[in-house]
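K.L.:
Top to bottom, those sequences are chains A and B. Going by UniProt numbering, the first sequence wraps up at 796, each residue one higher than the last. Going by UniProt numbering, the second sequence wraps up at 231, each residue one higher than the last.
Keep in mind the hints are simulated off the structure, nothing from the lab. For clarity, every value in this text was computed on a predicted model and none was experimentally measured. Yeah, the Cβ is synthetic: ideal placement off N, Cα and C, and Gly gets one too. Be aware that one or more of the hints could be misleading.
The calculated lysine to aspartate or glutamate pairs, modelled on EDC-like cross-linking and capped at a C-alpha distance of 20 Å, are [to be verified]:
(1) A:K723 <-> B:E61
(2) B:K136 <-> A:E114
(3) B:K112 <-> A:E716
(4) A:K702 <-> B:E17
(5) A:K702 <-> B:E74
(6) A:K713 <-> B:E102
(7) A:K264 <-> A:E502
(8) B:K113 <-> A:E716
(9) A:K723 <-> B:E167
(10) A:K713 <-> B:E74
(11) B:K82 <-> A:E703
(12) A:K595 <-> A:D531
From the structure, some residues in chain A lie toward chain B, with a derived Cβ separation under 10 Å [said to hold, decoys possible]:
(13) A493
(14) K702
(15) G705
(16) I706
(17) V709
(18) N710
(19) A712
(20) V714
(21) E716
(22) T786
(23) L793
(24) R794
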Amino acid sequence: MLFQYIFRNIKKRPFLNFIKVLGLALGLSGVLFISLFLKNELTYDSFHNKADRIYRLTYTNPGIFGNNHFARIYNSEQVPDLAAHFPEIENYARLAPLRGGVMMHNERYYSINEAFVCDSSFFRVFDTELLVGNKHTVLEAPGSMVVSEAFAQKVFGDESAVGKIISLPAGQFYARQTDFTVKGVMENFPQNSHFHPDLIATPAQDEISWWAYTYLLLKEHANPENITAGYSQFTALKAEEFGGESETKAYLQPITDIHLHSDKLREIEANSNMTNIYVLSVAAFILLLISMSNYASLNLGMAGFNNKFVTINRILGSTRNMNLKYFFAESLFIVLVSTLVALAIGVLVNSLIAHHFGIHLFRGNSSFIALVVSFFGLLGILSGLQPVLKQRVGQIQQGKQSLIKSNKIKVSQGIIISQYIFAIGLIVAVIIISRQNRFVLENSLGAGHKNIICFESVHANVQQKFEIFKSELLKHSSIESVSAMLEPPGGEANDMFPFEMEGYSKAEKERPNMIGVFPCDYSFAELFNLDFLSGNNFSQNNSDTEGSGEFLINETAMQFLNYNNPQEIIGKEFRLISPNPEVTVPQGKIVGVVKDFHLSSLKKRVEPLVLFKRDKLWLLNFVVSFKPGMRQTALSDISSLWQELFPAYPFIYEDVDVLYKKVYKTELLQARLLSIFTFISIFISSMGLLGISLLVSQQQTKEIGIRKVNGAKVSEILAMLNKDFIKWVVIAFVIATPIAYYAMNKWLENFAYKTTLSWWVFALSGMLALGIALLTVSWQSWRAATRNPVEALRYE
Amino acid sequence: MIQTNKLTKIFRTEDVETYALNEVSMEVKRGEFVAIMGPSGCGKSTLLNIIGLLDNPSGGEYYFDGTEVGSYKERQRTMMRKGNIGFVFQSFNLIDELTVYENVELPLIYLKKKASERKEMVTAVLERMKIGHRAKHFPQQLSGGQQQRVAIGRAVVANPKLILADEPTGNLDSKNGLEVMNLLTELNREGTTIIMVTHSMHDAGFAHRVINLFDGEILTENVNEKMADIL
Ligand SMILES: Nc1ncnc2c1ncn2[C@@H]1O[C@H](COP(=O)(O)OP(=O)(O)OP(=O)(O)O)[C@@H](O)[C@H]1O
Ligand SMILES: [Mg+2]
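In isolation and in its complexed conformation, chain A is listed as follows (with noise of 0.2 Å):
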């Protein structure tokens, strides 16, 4: 009876209805894409069991690099006798990168993305399934290794990596050829873990030393602080063996921390932040709000249009209870549809992601997802339930004083102004943050041009080549510039050296006598387009020698040696002090001063750089650019030299714009969802007010007839059914412009270098959203407006 008398009711407004369920459906499936997302983001790194004891180890030393903080430390070899000393360390991992960028089995290069030299311990303190292999005694013996799943089928394909030998080719970084055997094979790290290595091994004949990831396993219910307290005790202790290094802080981050509150030099990848974290919960939370407001508003909107409690009344019998039981009854029923409805679309959405981004968002979820669907589904029967509640909060609060304007709609001025206030936060939020994203890409050295690609971090034999590589390629009329330097587009330039200049002493300034450096070949200027401020580029057959030597600097360079005008720091005798006697470096005079320019991160200040160039030293990463529109040929010429100048390496490339891209991955995915779920909030709220206006326009249907009777144009009603539109846009408008102004500037605080926060930003963002409601309501209005009066009074 009461379920007849439901489909009835909901049959008789099926466009009504189904804007109902479609915005349940869709902010259901949003909020549940939304907390999968954040869980995963917050969930980085705890699929270790014993991820509450594992803490990264870092040092600051103001001494040191600048005191600059680097996720990994430069003396890993004292980390056995750091364990030792604090009872706290139950054991500790440390992760020392293999450089090069490539190993060899059989003669054949394979590059790698990420690899590690690391304790034998590895397995006891992270845990990812061994595939082959026993966890206990895989690393045992020096010189193991145990591979991905992903690199063991590239290397090997169907063939058993086991017992194989993987070689890290000499070059640069290594004196000699090492060899390792495989002795396992592990499950590819998961998606939310901080690093995924394609290779561990155990040191074939060294010790690790110098730079390492370290990770310390704190024994159970173990203080970390008691450890970065007693550092200095620790190294005072150890003086005599280390050197005295009092000022060294230490730092112990919890290993669950790294991915969201971790932005230190040297990530191993790129980590997300904790804004990201605040934009999407926001983004969930108001799109949760929008769909619930809109349900509860077109339902109080019915249910004062349809005089439905008269009519239940009538037709159920008029128990008090009756009126909460139809609404309740009627609430589950649609919000049962949309749970649906809501379902199907993420089952299509996940496959989608799965498909496109590898990321199977809804596996092994299924509790949590059940977990969100039932708080919703909850909400939304309460919002089902608003215009009873209403009534009875109503009915004990103003008894019946306002009888005369009984019939008119309750239409809730508060969430359609609050809808607003989000839609137009949420365009702002959309504007700056691609902006800046725009900014950022545009602002980076080379990118935007289309037409540059990078070899990033190529073999010490392909190095040993660059000049060859460079001259051939030159001859080809496809190819621009070709340039090689000390970091890829996108990377941080860290290293520092000690310097010496004429005219600066170090006594008069705390700062440390170290400055940035950056080996480059001498295109690099040309082809990145580099600024001069004065001076020029180094000269092509500069020969390094004893005091020829060039140097180029950065403005913040120019600054930081204490100049201001760059004419004058010109011809300056500058010096760098190579902190390894095997390695000379030029000295000789700063003959350029470039305006600065941003390799790394817009979100770090450019440090100041000394540019220098050396015949095959750290030449690392080779730049190609090619002329517009050659793209294709120029890519074939430099195939088919690659092959035969370096047939056993491999031949992997990147645009340069991909390279930044990979920078701002996290803003630019940020960017991304919330574009999407701006077009969803916004989206509903337009369905919710197509339904209001409905409802208010059919309400209105006796009054607009009679103002047409008594003169009134179709201008005139259009202006008046959209008059308290407008309002309520302004409304919001007015609320919502500080509260973006002051959220986005928190967000681009973020980034050294940003966009300005320009008024037209929000003039647009309400200029938006107030298209769009005239846009929604004036399809109603219209249609409201030219009907002909006559009709509209015919039935009253």
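Keeping the supplied structure of chain A fixed, place chain B with the ligands upon it in accordance with the hints.
P.N.:
Below, chain B with the ligands without anything else, positioned relative to chain A:
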């Protein structure tokens, strides 16, 4: 003042065609008081709506003050109607959310009269309709007779030449009905042309002339003897 020539109105709904008016030719002179009578569904309201420029005829011609207006677009009809024609309906058709005062003020607003002028005119009309003391009330707080007086006030506030009344007494008891008829007669005496649809012979007795409609056609037209001498 009003002249129609073979005025026809066809309503098409799905596959039924209704000839609500079939070649109606009639004339109403300035200052006349005409009653239209006929059985339910014979097209009285349809005719009144077309005369009142609320609707277009499907065929035939309609001259209002000598101008052919039957083919006017909605915009033009609205312009022509404003200030020239006032309406009174059986169901009063007042706006519930507006006060008596605001309801009467409505036509003046759309005529873009100044506020002070509006106030003067509305106050005068309300006095005349003996409803001035109720200016701040809402329609639902008034009796049927009072509501119809407000509606008449609204119809006449802009001093139209023509008043169209569709069963103005249909929802009223005889006392209130009589009051309304007296008001209309008085307005007619002052020179306003009135066309009134009615089912009541009694009310039709106030008119100079009665047009009898049947099935969309004029059956008879008879001059009211009592009134004939006035013409
Ligand atoms: N919009 C419309 N659509 C379809 N048919 C209509 C429409 N308006 C009127 N009709 C039909 O036209 C005919 C005339 O209707 P009209 O309202 O003019 O009658 P009436 O004489 O005023 O009747 P009543 O005395 O009941 O008010 C009727 O048959 C009616 O059903
Ligand atoms: Mg009628």
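K.L.:
With reference to the structure, classify each hint as holding or not holding.
P.N.:
Verification of the hints:
Only pairs whose Cα atoms come within 20 Å are accepted, and K723 of chain A paired with E61 of chain B is rejected, the gap being roughly 39 Å. Only pairs whose Cα atoms come within 20 Å are accepted, and K136 of chain B paired with E114 of chain A is rejected, the gap being roughly 82 Å. For the proposed pair K112 of chain B and E716 of chain A, the alpha carbon gap of about 12 Å is at most 20 Å, so the pair holds. Taking the CA atoms of K702 of chain A and E17 of chain B, the gap is near 26 Å; set against the 20 Å cutoff, the hint is violated.
Proximity of K702 of chain A to E74 of chain B is assessed by CA-CA distance (about 18 Å); at most 20 Å being required, the pair is judged to hold. In summary, the hint linking K713 of chain A to E102 of chain B is supported, as the alpha carbons are separated by about 18 Å, within the 20 Å threshold. Taking the CA atoms of K264 of chain A and E502 of chain A, the gap is near 34 Å; set against the 20 Å cutoff, the hint is violated. The suggested pairing of K113 of chain B with E716 of chain A holds, with an alpha-carbon distance near 15 Å, which does not exceed 20 Å.
The straight-line distance between the Cα atoms of K723 of chain A and E167 of chain B is roughly 35 Å, outside the 20 Å bound, and the hint therefore fails. Distance hint between K713 of chain A and E74 of chain B is fulfilled; the C-alpha atoms sit about 9 Å from each other, no more than 20 Å. A distance of roughly 17 Å separates the Cα atoms of K82 of chain B and E703 of chain A; the hinted pair therefore holds under the 20 Å criterion. Distance check on the hinted pair: K595 of chain A and D531 of chain A sit about 5 Å apart at the alpha-carbon level, within 20 Å; holds.
A hinted interface residue such as A493 of chain A counts as satisfied when its beta carbon comes closer than 10 Å to some beta carbon of chain B; here the least separation is about 71 Å, so the hint is violated. For K702 of chain A, the interface hint holds, since its Cβ comes within 10 Å of a Cβ in chain B; the closest pair sits about 7 Å apart. Hint on G705 of chain A holds. Least Cβ distance to chain B is approximately 8 Å, under the 10 Å limit. Interface hint at I706 of chain A: satisfied, since its Cβ lies 5 Å from the closest Cβ of chain B, which is below the 10 Å cut-off.
Interface restraint check: V709 of chain A against chain B, minimum CB-CB distance 5 Å, threshold 10 Å, status holds. A hinted interface residue such as N710 of chain A counts as satisfied when its beta carbon comes closer than 10 Å to some beta carbon of chain B; here the least separation is about 5 Å, so the hint holds. Interface hint status for A712 of chain A: upheld, as the beta-carbon distance to the closest one in chain B is roughly 5 Å, under 10 Å. With a least beta-carbon distance of about 7 Å to chain B, the hint placing V714 of chain A at the interface is held under the 10 Å criterion.
At a threshold of 10 Å, the smallest CB-CB gap from E716 of chain A to chain B is about 7 Å, leaving the interface hint in force. For T786 of chain A, the interface hint holds, since its Cβ comes within 10 Å of a Cβ in chain B; the closest pair sits about 8 Å apart. Given hint, L793 of chain A at the interface with chain B, holds; its Cβ is 6 Å from that chain's nearest Cβ, closer than 10 Å. The interface hint given for R794 of chain A is met, as the beta carbon of that residue sits about 8 Å from the closest beta carbon of chain B, less than 10 Å.
In summary, the structure is inconsistent with hints 1, 2, 4, 7, 9 and 13 from the numbered list given earlier, while agreeing with the others.
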